[in-house]
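Go ahead and model the full structure; you've got the sequences and the hints to work with.
Going by our numbering, the first residue of the sequence shown is number 111, and it counts up by one from there.
There may be inaccurate statements among the hints.
[Claimed, not checked] With a cut-off of at most 25 Å between alpha-carbon atoms, the simulated SDA-like pairs for lysine to any residue come out as follows:
{"#": "1", "residue 1": "K238", "residue 2": "Q254"}
{"#": "2", "residue 1": "K238", "residue 2": "Q190"}
{"#": "3", "residue 1": "K242", "residue 2": "F258"}
{"#": "4", "residue 1": "K238", "residue 2": "T203"}
{"#": "5", "residue 1": "K242", "residue 2": "S202"}
{"#": "6", "residue 1": "K238", "residue 2": "Q196"}
{"#": "7", "residue 1": "K238", "residue 2": "A163"}
{"#": "8", "residue 1": "K242", "residue 2": "Q254"}
{"#": "9", "residue 1": "K238", "residue 2": "F154"}
{"#": "10", "residue 1": "K238", "residue 2": "L176"}
{"#": "11", "residue 1": "K242", "residue 2": "E143"}
{"#": "12", "residue 1": "K242", "residue 2": "V116"}
{"#": "13", "residue 1": "K238", "residue 2": "V192"}
{"#": "14", "residue 1": "K238", "residue 2": "S132"}
{"#": "15", "residue 1": "K242", "residue 2": "Y131"}
Bear in mind the hints are in silico, worked out from the structure with no lab data behind them.
Computed from a predicted structure; not experimentally measured.
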Amino acid sequence: MADIHVEDFYKDVAVALVQLYSVFPRRTNLFVEDIAGPDEPDEFGLHSPRHMACFGALLWLEEEGLLRYVDTIRQEALDQAVLTQQAFVRLSTPAPAAIVERISPPPGDESLPSSIRRDLSSYAHLLKNAIKSGNSDRISLTVQSAFFAETLAGHFH
111 MADIHVEDFY KDVAVALVQL YSVFPRRTNL FVEDIAGPDE PDEFGLHSPR
161 HMACFGALLW LEEEGLLRYV DTIRQEALDQ AVLTQQAFVR LSTPAPAAIV
211 ERISPPPGDE SLPSSIRRDL SSYAHLLKNA IKSGNSDRIS LTVQSAFFAE
261 TLAGHFH
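In structure tokens form, the structure reads like this:
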């Protein structure tokens, strides 16, 4: 089992990327509270470690070239965030069958048009389903396979 902060990181990354994908190519504000949940700053105005970890994950996504933004809104949001071309293409890409079966077994309906089957196997769709499932392992594995596929190549064979 991964450390809780790492599982939270994967969940934050998944939620942020799915939010941006769902409005692409529009720019939008990414609020930490929408991703990590409500936070009450302490008597000194400092956010909780969980809130700051989520904010850090959002900044990391920008540093790694997966999103862009105009500015931060204090430590509460990214202003005018949008996916980069690299992230959009990756999220739109169908995952290899072995990964789809491991993360999200297909419904098995071969009568669906190939375009629908392709959409259902996209990393964006897999991330949405992983988030809906609430399963930390599934969320982690989906984020890892979408963005760290080179390190997992042997994991699925």
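Here is what the structure says about each hint:
1. K238 - Q254: 14 Å, holds
2. K238 - Q190: 22 Å, holds
3. K242 - F258: Satisfied, since the Cα-Cα distance of roughly 21 Å is no more than 25 Å.
4. K238 - T203: 14 Å, holds
5. K242 - S202: 19 Å, holds
6. K238 - Q196: 19 Å, holds
7. K238 - A163: With a Cα-Cα distance of about 21 Å, the restraint between K238 and A163 holds, given a limit of 25 Å.
8. K242 - Q254: Given that 25 Å is the threshold and the Cα spacing comes to 17 Å, the pair holds.
9. K238 - F154: Since the Cα atoms of K238 and F154 sit roughly 36 Å apart, the hinted pair is violated (cutoff 25 Å).
10. K238 - L176: Given that 25 Å is the threshold and the Cα spacing comes to 17 Å, the pair holds.
11. K242 - E143: This hinted pair holds, its Cα atoms lying about 18 Å apart.
12. K242 - V116: 19 Å, holds
13. K238 - V192: Roughly 18 Å separates the two Cα atoms, so the pair holds.
14. K238 - S132: The hint holds at about 10 Å.
15. K242 - Y131: Distance ~16 Å between K242 and Y131 Cα, so the pair holds.
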